[in-house]
Structures are given as C-alpha cells and as structure tokens.
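Colleague: One letter stands for each residue in the lines below.
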Amino acid sequence: MNVRAVIIPGSGANFGSLRQACLRIGVEAEVSDDPARVGAASHVILPGVGAAGHAMRGLRTRGVDRLIRTLGQPLLGICLGMQLLFEGSDEDDTECLGVLPGRVRRLPAEPRWPHMGWNRAHALPGAALFDGLDAEAWFYFVHGYAAPLDASAQACTDYGTAFASAVRAGSVHGVQFHPEKSAAAGRRVLANFFSTPC
Amino acid sequence: MLAHRLIPCLDVAGGVVVKGVRFRDHRVVGDILELSRRYAEEGADELVFYDITASPEGRRVDTGWIARVAAELDIPFCVAGGIRTVADAEQVLAAGADKISVNSPALARPGLIGELAARFGSQCVVIGIDVDAASDDHGSWRVIADSGRPDRASDSGRDLLGWVREIGERGAGEIVLNAIRADGVRGGYAHAQLAAVRAATRLPLVASGGAGAPEHFAEVFERGEADAALAASVFHSGEIHIGDLKRYLAARGIEVRL
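Protein sequence lines correspond, in order, to chains V and F. First residue of the first sequence: 1, per our numbering; consecutive thereafter. First residue of the second sequence: 1, per our numbering; consecutive thereafter.
If you're looking for bench data, these hints aren't it; they were derived computationally from the structure. Nothing here was measured: the structure is a model prediction, and the numbers come from that model. All C-beta atoms, glycine included, are put in the ideal place defined by N, C-alpha and C. Check the hints yourself; a few may be wrong.
Said to hold, decoys possible - Facing chain F, from chain V, some residues (calculated, C-beta under 7 Å):
#1 Q73
#2 P114
#3 G117
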C-alpha cells in the first residue's frame, strides 16, 4: 500500500505512541496540522487524550477545525478524536466538529466511571475496520464519555450502557478504543484503516 | 464485560527496575525494556512504572526511558513519581505514557488533581495511595506520604476513606491502593482496606501489595474488591507467569483478556 499518513496533533498528547504503532505495521506517519501537508495525505488520523473543551479550543485556534471538515480522504478519529467528530459533547458542554450527527454523552456512574480497561467490541457485519478479527475482540478503552449507538455505529460495546465503540460515515471513521494500545487486535484495526482506499 | 486487569509494577530507580520489601531494601531485578517486553508477551494488560525516588528527592521523572518503553509496547502503561504540575504531566504523556499517577504531590497540594483532570481528562489521572495496615486509635487507616524513601516517609495527616472521597470529588479517574505492610511479603491483598475503599468510591480500583500466589488474585476479584490487581515480586521472579495466571483465573470463571 502506498500510504502517506498524517497525524493531526494538538487534540491530545498521545501521538508519540500512535506514531510508533503505525511504524510497527510499516507506516511512517508524519505529525502535522499544516493544511498543505494534511491535504496531500492519503490517510489522516485525529488522535486524542484529554478533555473535549480544551481540545476543541486548540483545534479552533489553529484553524484545524475547518481543515478537518473539508477532508475527502479516509479519516480516523481515535478516542477523544472520535468524539470530536460529533456535533457536541457533554464534556465541558462543548460544540464539536459536526462531521457526524449526534451528541457524545457522559457514561453512567455504574458500574464504574470512567470506563477504563479491556472490553469487547462487537463488530457489526461488514465493518471494514474489523476485517479478519474475532467478532468480539478485546480492545483497550479509557474514557468517560461515549458516542450514541445510531446509524454510524460499526461496533458496539457495553459498559453501563451500550455505546458505539466504532463509527463510520463515508470516509470518516472513528474508534473509541486505543488501537495503538490494543496489542494484536489494535494492529489489525490500524492496518485495515490504512487499507481503506483513498 | 470489562476484563479484570493484571498489572505488573516496575519500580524504577537510577534507570533500572528494582524491588524492595515493605518499600525498603531495594535490589536490582532487571532492565526496564527487557522486563516490559517480557510482560507484554506474557499477556499483561497494562504496566505501571514507579520512579520511586523522584518524589522524595524532589525531582521530576526522567522521560528518556518512557519514550523507549512507548516505542516498544502496544499495551498501555502508567508512569508515577515526581509529577507535581500540569507541565510535568505533559512531559510524561508526551514521551508516550498513557496515564500518570500522582501520590505524595497530591497530598501536599490536592488542587493538583483538579488541574490535571481539567487538562488531560479524569481518565488519565490515577491517584496512588500508600496506606499503613494498622488503624489508628480512632479505627481509621492513615495515608502515608513519601513512602519511596523510608527516612522521609510520614503520616500525611489524612485518613484513608476521607482521602478517597476527596480525590473522587476533585476529578481523579482511578485509585491504586498500596498496602505498605502487605508490600513484598506475599501474604495476600489487604482485603479489609480494599473492601472499605470499594464501598466508598465508584472509581476503578487497583489492588496493590501482598500478592504471592494465584489464589490471592482470584480472591481479590471474586470478592469484588478490585478491578485490577497489581504485583511485582511474583512476576519479577518468574514464580507466576501472567499467561498461566490468566488461564487459571478464567478457569475459575473470572473474566480476563486471553
């Protein structure tokens, strides 16, 4: 595959481990939010660790919010990066990118809050990111807010409530778990994303 | 259903992994990267690194080895030791850590917990609590500050359950409860303290200190006292292989990631 991956920084501090995870499957990912560099990429990743309000302010300050909305190539939001794709989030009552319809809600207090650890993602039939994986593979989750289980859902996870652990609308993909921290299953999801035709 | 996590704990001092008994008399047990690699291959769910000298010595954790660990590992890891400010935490996370754990600096300045949660989200903020096994005259357990260096270790002036409630209100995302008397002596986890903390908070709780046999892990999970179990000695010595332990737990009906 002829992949020119770009990771958009700024929505979190974890792009170092994500770059390494890409390298382990043979993809050298550049970290940049320069519109020309991002525009020339074949695949774009929006990672995220942090709080939604802080992350959106960072993206807006640098005009990256507008850039993301205009992308035509495959885009993968990870964790907070996936949540930012929606219209809004309960976290800090934040207006997000609005690339996907719906609102990210706070997870219930039971059984625990936040949702932290390894849980199963039940992939829907035909979910391309889960190609070649067990239909109930384990992934690593660390989050307190989650996306609605609606039309864009590609996988479902249960923790106090059922939520979308993977989403897709056209070329826009998102995963709530951290593929870069999910051992072999995570490697497969990243490789599947990079196999998505541009 | 969430898997019960098994977490090897690597105490780091001077760039190598060490282990003590009841937080004292540390000896070198191995290389940071070699041990990390071994545990990931065995099926560890997460790793925790404690720079056990950073906080008592008043310096920040060294980020060089964090970056090297991040380059190797495809499971999450948490770094503790010497994180006093949002800027300190930012460096550790930028080097590749997934979570940061704060202990003595949070006791010295509890406002730090809220600052970290606001900047990185609660899910990133782990609070370590070192607690003495013996209760005081009023029947409460005392939280110990600066346990990493015995000559500086002192009663923080806080009781365990009060501190647990406070850190939850301030925005912590997880608690690691280290039972000092149980640490390194392999007599089982501190059930009374864990059960009391479990009842006082809904935060994810990691049991630490005292694991010596596979039954100890099964007990702490079957009693519902912890979401994760941390251990060092029995994993470092090779006495318990994490893959074998997980198969044992699964056979007892405990949900683990295999």
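Colleague: For every hint, state whether the structure bears it out.
Modeller: Results of checking the hints against the structure:
| no. | hint | in the structure |
| --- | --- | --- |
| 1 | Q73 | 25 Å, violated |
| 2 | P114 | 4 Å, holds |
| 3 | G117 | 5 Å, holds |
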